[in-house]
Every structure is written in structure tokens, then in C-alpha cells.
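Same order as they appear, the protein sequences are chains A and B. Its first residue numbered 1, the first sequence is counted upward by one per residue in the working numbering. Its first residue numbered 1001, the second sequence is counted upward by one per residue in the working numbering.
Calculated directly from the structure, the hints in this document are not laboratory data. Where hints are given, some of them may not hold.
Looking from chain B toward chain A, a few residues come up when the C-beta cut is under 8 Å (computed) [as the list claims (entries may be wrong)]: (1) P1150; (2) I1164; (3) A1168; (4) F1169.
Computed beta-carbon distance windows for the label pairs [claimed, not checked]: (5) K98(A) with H1303(B): 51 to 59 Å; (6) Q95(A) with G1351(B): 35 to 43 Å; (7) N209(A) with F1031(B): 31 to 39 Å; (8) M15(A) with K1010(B): 54 to 62 Å; (9) S23(A) with K1002(B): 34 to 42 Å; (10) A1014(B) with S11(A): 50 to 58 Å; (11) W203(A) with L1283(B): 40 to 48 Å; (12) G1351(B) with K106(A): 23 to 31 Å; (13) G1365(B) with T117(A): 24 to 32 Å.
Here the structure is a predicted model, which means the values were calculated and not measured. All C-beta atoms in this analysis are idealised placements derived from N, C-alpha and C, irrespective of residue type, glycine included.
So you can see what is in the structure, the chains are spelled out below.
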Amino acid sequence: MSNEVKEALFSAKNMQSLTNPFSRNNPVIVQILGICSALAVTVQLKPSVVMALSVTVVTGLSNLILSLLRKGIPDRIRIIVQLVVIAALVILVDQVLKAFVYDVSKQLSVYVGLIITNCIVMGRVEAFALSNKPWPSLLDGIGNGLGYGVILVIIGFVRELFGSGTLWGVRIIPESFYEAGYANNGLMLFPPMALILVGIIIWVHRSKNTDLQEKE
Amino acid sequence: MKALRNFVDKIKPAFSKGGKFSALGSTFEGFETFLFVPNTVTKKGSHIRDCVDLKRVMIVVVLALLPAAIFGMYNVGLQHFRAFGDLAAADSIWQCFWFGFWKVLPIIVVSYVTGLAIEFAMAQIRGEEINEGFLVSGMLIPLVMPVDIPLWIVALGTAFAVVIGKEAFGGTGMNVFNPAILARAFIFFAYTSQISGDQVWVEGLVKGGALDTFSGATPLTQLADGLAPAALQSTPMDWFIGTIPGSIGETSFVAIMIGAALLLVTGVASWRTMLSVFAGGYLMGLLFNLIGANDYMLLPAHHHLLLGGFAFGAVFMATDPVTSAQTNCGKIIYGLMIGALAVLIRVINPGYPEGMMLAILFMNGVAPLIDHYVVEANIRRRNNRVKLVK
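One chain only, chain A, in its complex shape (with noise of 0.2 Å):
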């Protein structure tokens, strides 16, 4: 036990299981996890970003608690375990969020409940937290959290900005514009267009990372 070198807090291996979720390894763009939320709340800027900062959380402490109990879960019962500790923290997010952001949460509706089932928070606990220490399982929960976070952010960019004209409920897109025949585009509106970005930004990141492209 003593002889085990002690890691560092900040070392390259643990910033690894940080950063790589962002690109390399992000769960809705090269994982395909969690598309239906991806979906689902992105209509607007800001129920993007809260459903990003909920997911990470839950993520995060998901991986944190089932990391620190992980030795004494009996394997046969180690899902029902996973879920009744994620089930706790999602309903801790939903009641804070009712309590602080009361219309956003309304917005979200049954999403924030559906974080139970998210693939990405199941899945890190199953292939991260039950083998690795606490420290890099927060890591790496929060990475995840936030690289999907990071997609939801970018579509609900593009979603509320063209097909609403606004961000973060503020008007962008001039009245002018309007007036010389600019219209919003009504397809943005709807979740068909948000597989059609996540297909698009797929595109993209695979072009710039070779390597995962799949061999013919």
C-alpha cells in the first residue's frame, strides 16, 4: 500500500479524464449517448445551459458517491444501487431548480427526471467510478457532464439565435431585419433540426479528427 506512488491531484492522467470527454471522447458526438435530451431542450440558450450544469452535476456526484462506495456494492446488486443514489441526485437537482429557476424548470418539464436514464451518467458509473478512485471519477463525471454540455450549449446557440432571433431571451436579430424580409426559421423550432446539427457537428469533428472516422 505505502509504496504505491502517490498521484498528483492535477496529474496529466486525471486532467486526461477531464478534457477528453470535450472532443476526443464526447459523449453525444462520438459516444452517440443522450441524443433524446440533446433533442429535446435545446429550443432555447437557456434551458441548454441549465439542463448542461444539471447533468454535470449529477454526473459528477453519481460518479463521486458510486466511486466511494464501489467496494462495498455487491456486484449482482450494483444497478439498482447505481440508480438509487443517481434517482437521489436528480431529484435533488429538480427540486433546486424549482426552487431558484422556477420557468426554466417548467420548460425542461420531464427531462430534468429523465437525467435517470440519461445513458452518459449510467454509463460513466459502469465504466469509470466502479474501477477508479474518487478523485479522477469526479474528474471525469464532471468532464462528461460537461462535454455533453458543451454540444446542448452549442445547439441551443444556433437553435434560439435562427429560429427565434433571440439569446438568453434577448432580442439579436434586429427589428430592421424583419422589416427588409428576414423571416425565423420555423425548422429550428423543431427537434428534426437539432439531429440535423448534431449530424452536422459530427461532420465537422470527424473531418478535423481523422482517426475516428470509421475505416471503409
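For this one, chain A is given, so just place chain B on it according to the hints.
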């Protein structure tokens, strides 16, 4: 001609690899094969080469579209003069055509310039030859637009169709959906008020000042609003000739049929697909006649084929060799389904007065599945035959 050939040969080195303008290599190649039949020769094996390449096939389709386009221009003028009570001008064919020509031309130019610019750029980036696929799409897109559509929306729709509909899938010949319909669907869902309703089909109606008695609504919109077929402003004869409000190229059944004849004689389009689309629509119309629950369902089945974009879609869009089913049996199933779905959407869903666009898009997506099962069935049948012989 000889002088041109010499000129092309003279400037060729500058555009080939390592030349001064090698960045424009694809563009040069595109224009060279446009002017002259390519002199590529097969080196191995005994393939037969024909000078009818993709470019020549596309030109036939563009020629087939011309009657519909020319009539569309005439009709734009006719509807405009009727709406504003200028009956003397409405009687003059030349005046109507000239007015429409200057309204439609910008839409065609915008569609071609946007689409070709993207295609040329993409081909150059990927180091491929320019594909001619857009020659037809660029003509189809303006013809399925209302005349009052803002030009920037046409450009955006075209760009979406070319980039997302075609290039993302790998370019001409690889697209799952017909780019022209995709452009229209994009605009339909993104800028709904600019491409539907009662005002957009006739030039100048949105600005006001038209006669109160004139309605710019298409017959299909009026039917979807619950108007009895007998109460319509236009008669089936008008629908046949095409002097009704509607998208630029879709109104005239006669003009479209001239194009259809050219496509069938040259063998560019499949008669199986075309015929079965009409059959499917007709059968669905008959079925509705039998049910007869409201006025719309009682519309005679053959009138469905004359109205809206049905004929245009059947002749020019359902027959797109890339996105339709490939097997002969599959083509018939594909066509029947398009026709039936189009009429079904029109009659049952008042939110979409025109069903052709959605029907073709949907069947584009299903076409590979149809082919798969047709091929599977064929394999099974032949396997059974082998067993019988044994």
C-alpha cells in the same frame, strides 16, 4: 468548333495538377466535358462505352422540364393580371409570358448559382470531378416554388438540399432523398408562411391592391378548407391546361405530359414508376369515392391527378433514378405507394393541402427496403425452383 478544341487544349496544362490554376481543376474539367464528349478510353476488359453520359441524360431532363417552365412563366403573368383586373394584358400571351419571365428568371438564377457554387467548391475540396447532378435539381427547385418566394430563402433551401441532402451522403448518386423536394420541404417547414396559404401563389398579392373577387388560393387549399368541388372558381379544364394559382411549374398537366413523353421516348425515366404513381393516386381516389364521408372525398378520382403537384411529382421527382426503387417490381410498389399516400395526405390531413412532397420524401426513405425485399423474394423463389428440380 476546332478553334474551341484547340483553345481548350492550350489552356489545359494550366489547370491540371501542378499548373497555375490547379485549384480550379474540377471546374475546368466540368466545362471541358460539357463542351466535348470526354476522350476517356477503357483500357482493360470489353466494356462498351457510350457517349450518353450523366451530363447528356441530365440535359434531356432539363429539356423535358422546359414546357412546364415556359407555361409556368406564362401563368405567372396571367394570374397577376387577372388578380389586378388588367384583362387586356391577361389576354395577351406575349405580355403574360414576358411578365412571368422576369419574375421567374431570378429564382432560377439564384437556384443555379447557389447550388453550382457549392457543388464546384465541394468537388474541388474532395479532389473529384464535378458531378452534373445539380443541372436538373437547379431547374426543379424554382419550378416547385411559389412565385412570391424571397430569393434568399430559395438560396438557403438550395444550399440545405445540396449540403445536407447530397454532399453529406457522398454527392451525386449517393443521396437518399431527392434534393429538389428536400429544398422544398426545408422551406415548407422553416418558412411556412412564405410558401403556403392563399397569397403567395400570385405575384404581388401579398402587397395588396388586388381585386376583392380574386382568390389566390390554390384549388387544393380551397378543397382542404372544406369547399365543395363544384363551388371552386376553376374548372377541371383549367386544371388540365394549368391556368390556376400554384407553384411555378406544377399547374399545367398538358405541359408536364409533353415533358413526360420526352422522358419516356428517350428512356430516361422509368414508365413503371410514372404509371404506377398515377395508378396509385387514382385507386386511392376511387377508394375515397366509395367512402364518401365528405365533399372532398367525393372529388372524382381522376381530378386528383390534375391538381397540385401530383403530375409534376410523378413525372419529374418520383422517377429520379437515384432515390427511387431500383428493381422493376420495386418501382411499381414504390410508385403505387407514392400516389396513394399523396392523395391520402391531401384528403385526410387538412394541415397539408399538398401531399405529393411528403409522399415522395417518405417513399425515398423506404425505397431501399422495398428493393431489399424484392431481391430477397426473388432469391427465395429461385431457391425453391432448384429444390423442385432435385
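To see whether the hints hold, each was checked on the structure:
Given the 8 Å rule on beta carbons, the hint for P1150(B) holds: about 5 Å separates it from the nearest Cβ of chain A. Using the Cβ-Cβ criterion of 8 Å, the hint placing I1164(B) at the interface with chain A is satisfied: the shortest such distance is roughly 6 Å. Of the supplied interface hints, the one on A1168(B) holds, with its beta-carbon coming within about 6 Å of a beta-carbon of chain A, less than 8 Å. Look at F1169(B): its Cβ only gets to about 11 Å from chain A, farther than 8 Å, so that hint breaks.
As the Cβ distance of K98(A) to H1303(B) is approximately 57 Å, the hint placing it in 51 to 59 Å holds. Checking the proposed 35 to 43 Å range against Q95(A) and G1351(B) shows it holds: the Cβ atoms sit about 40 Å from each other. Hint check: N209(A) to F1031(B), Cβ distance near 36 Å, so the stated range 31 to 39 Å holds. Remark: the range hint 54 to 62 Å for M15(A) to K1010(B) is upheld by a beta-carbon distance near 60 Å.
In this structure, S23(A) and K1002(B) break the distance hint of 34 to 42 Å, their C-beta atoms being roughly 57 Å apart. Separated by about 56 Å at the C-beta atoms, A1014(B) and S11(A) satisfy the suggested range of 50 to 58 Å. Distance hint check for W203(A) and L1283(B): the Cβ-Cβ separation is about 42 Å, which falls inside the suggested range of 40 to 48 Å. For G1351(B) and K106(A), the Cβ-Cβ distance of about 27 Å falls inside the hinted range of 23 to 31 Å, so the restraint holds.
At about 28 Å, the beta-carbon gap between G1365(B) and T117(A) stays in the expected band of 24 to 32 Å.
Violated hints, in rising order: 4, 9; the structure is consistent with all others.
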